[in-house]
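Participant: Chains as they are written, first to last, in the working numbering: chain A, 569 to 1138; chain B, 803 to 910.
By construction, these hints were calculated from the structure, which means they are not laboratory data. Beta carbons are placed, not taken as given, at the ideal position from N, Cα and C, and that holds for glycine. Treat the hints with care, as some may be off.
Derived pair list, reagent style DSS-like, types lysine-lysine, alpha-carbon separation capped at 27 Å [as the list claims (entries may be wrong)]:
| no. | chain 1 | residue 1 | chain 2 | residue 2 |
| --- | --- | --- | --- | --- |
| 1 | A | Lys659 | B | Lys863 |
| 2 | B | Lys863 | A | Lys738 |
| 3 | A | Lys736 | B | Lys851 |
| 4 | B | Lys863 | A | Lys660 |
| 5 | B | Lys863 | B | Lys851 |
Computed list of chain B residues with no C-beta within reach of chain A, every gap over 12 Å [stated by the list, open to error]:
| no. | residue |
| --- | --- |
| 6 | Trp816 |
| 7 | Tyr821 |
| 8 | Gly846 |
| 9 | Ile884 |
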Amino acid sequence: MVEEKRKEIGLEILEKSPTGIKGLDDITGGGLPQARPTLLCGSAGSGKTLMALEFLVRGAVLFNEPGVYMAFEETEQELIRNAASLGFDLKKLIAEEKLAIDSVHIERSEIEETGEYDLEGLFIRLNQAIEQVSAKRVVLDTLEALFSGFSNTGILRAELRRLFRWLKNKGVTAIITGEQGESALTRHGLEEYVSDCVILLEHVKRNHIYTRRLRIVKYRGTKHETNDFPFLIDEDGISILPITSLTLDHTVSNERISSGVVALDEMLGGAGFYRGSSILVSGTAGTGKTSLCGHMTEAACRRGEKVLYFSFEESSKQIMRNLGSIGLHLEQWQKKGLLQFRAERVSLYGLEAHLTSMHKLINSFKPAVVILDPINAYLSNDDELEAKTMIVRLIDYIKSSHITGFFTTLTSAASVEQTTDINISSLMDSWLLLRGIEENGERNRGLYVLKSRGIANSNQIREFLITSQGVELKEVYLGSTGILTGSSRMVQELIDQEEEMRLEEKINQLELVLERKQKAMQTQIELSEMQMKADEIEIKVKIDELKRQYQRINLRRQDVQASRTKKGHK
Amino acid sequence: MNGNTKNSSEDEVWILKLYVAGQSPKSVTAFRNLKKICEEHLEGKYQIKIIDLLENPQLGKGDQILAIPTLIRQLPEPVKKIIGDLSNTERVLVGLDLQPAKKGAFDG
């Protein structure tokens, strides 16, 4: 944005040469100032030579920019050997004319100074090497060796000034290394000649562990990070940690993934966590954090997703055995290649080395879910503030890679439960709190969802049970002293059950009474009906009888009348 | 005549290489000074090779040349290196091991 604006108003922008070193281009916003010298300073063994070397090798291989290495302290053979330890084949690059090495040997005791001189010989040699391979990059390592070779510092300083000017005119991007001085960046004040970019490397020992770190002391005309960055040197070269973004522009997913515990998913709006979110589970010792990790792992592997499980307190075998006892059999996923364990003590290496190796593993394994159990393992062995920033960066990295992060943190029983030791909760999208609930001489576990961004989560605390079939969440009872768990809950459940049974019995009884009454009534009705029928028949018989009598009487009357009429006619 | 005990061998030849970069004032001065010293101390048994790095830049590597001018005493062994315009004659003589060593004089 700023750069675009500058372009618009016609200001010249500092062009940059990408170094190709992992992480360095990110924190410098694109690399070293192009066609300008950069000072790389640090104490002996801080990694100056290797970084300078990688700058040339990456330049030659990745960016087609040949380089010249002028070594003041090492021979060509030594350099080739050292580079091989980083996996760089200098011989090949030299043969392909992508690299020229000139090893400068200075032995003061062999040199007698007799009057005026200059360092034209150095310029000529450097020029010769640059022209030999059409170099775009130059490394001078360690230029300060000149100070031990020549006693006339007046001449030397004038010549150094000329050298830096000359390098700029040559249009080469250069790295000049310098030994760190006691009070200054370099022992001989090389920083006064380099105005564009100064990078400091340190190799510091804290709590018996050496850590390497890098800081950009100065970078004219560029927005750069000012923090100390840890870095690692291994068989793949240098990695600077972390590759974090300065902005909050992670893309988000609406997809939901199960936590592996049905009841927990229900607490989280019925669907579980968002994919790519960061989940923190905090709790005191033995509240079941690892069991939740196990469920998360199981659920992800079942979906066919890859899980990377970092364990800092238990070995993978131990975890699998323990999770096996609650019905989670993770070996199968490990065999299928869906699950990878990395169990190691953080204190084994320096913090940086550790985190950098984690970065690399995440990059190569490309998991959908990363589990860190527990993250406060970092806090025990190093400067706390430093550990915090490291963790924050790691979490940020996992998040920006759209990986679902599942982190546990051990809170001490004494600390207030809702403060995480590392104060990372603001980075977390979901936060589950596991707490021990002590009452009636027993200790039970409770779980609640402290927060879950973007999810209508349950506000209830649930009792957390670890059974041989895995984790179960029970509704808890609210008593006068708070929630009831464990045997109190069971007692309460029993009381409730008895009450229920009593009522049920009563209902049954009444129902029986009713039934009996109904039956009695029915019988009565039937009896009445039968009586009715009997009466009906009887009455009908009577009616018929009467009707017959009536007919008989009628017939008789007709007979009488007929006989009377006959007599009178005669 | 100098009482130089260390380099007294009569038939010894001195091979001196002077590295320069073009006809710069320092280079010219150095050559003039060297010639003078040689004439005075090594008459008839020295050879001066002038190597111009502007013409042969690749030659600077072999003798580890950084400063210009640089004088190399290739023979007799051991190799000696002297830098500068050679204006300090005393130091040149020490550098070339030509100065009659005071100790040597006492021994003699």
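Participant: Would you mind marking each hint as holding or not holding in the structure?
Facilitator: Here is how each hint holds up against the structure:
1. Lys659/A / Lys863/B: holds (19 Å)
2. Lys863/B / Lys738/A: holds (21 Å)
3. Lys736/A / Lys851/B: violated (34 Å)
4. Lys863/B / Lys660/A: Answer holds: Lys863/B to Lys660/A is near 21 Å, not above 27 Å.
5. Lys863/B / Lys851/B: Between Lys863/B and Lys851/B the Cα gap is close to 17 Å, so the pair holds against 27 Å.
6. Trp816: holds (16 Å)
7. Tyr821: Violated: least Cβ distance 7 Å, not greater than 12 Å.
8. Gly846: holds (24 Å)
9. Ile884: Contrary to the label, Ile884/B does not stay out of reach of chain A, its closest Cβ about 4 Å off (not over 12 Å).
Hint check: violations occur at hints 3, 7, 9; the rest are consistent with the structure.
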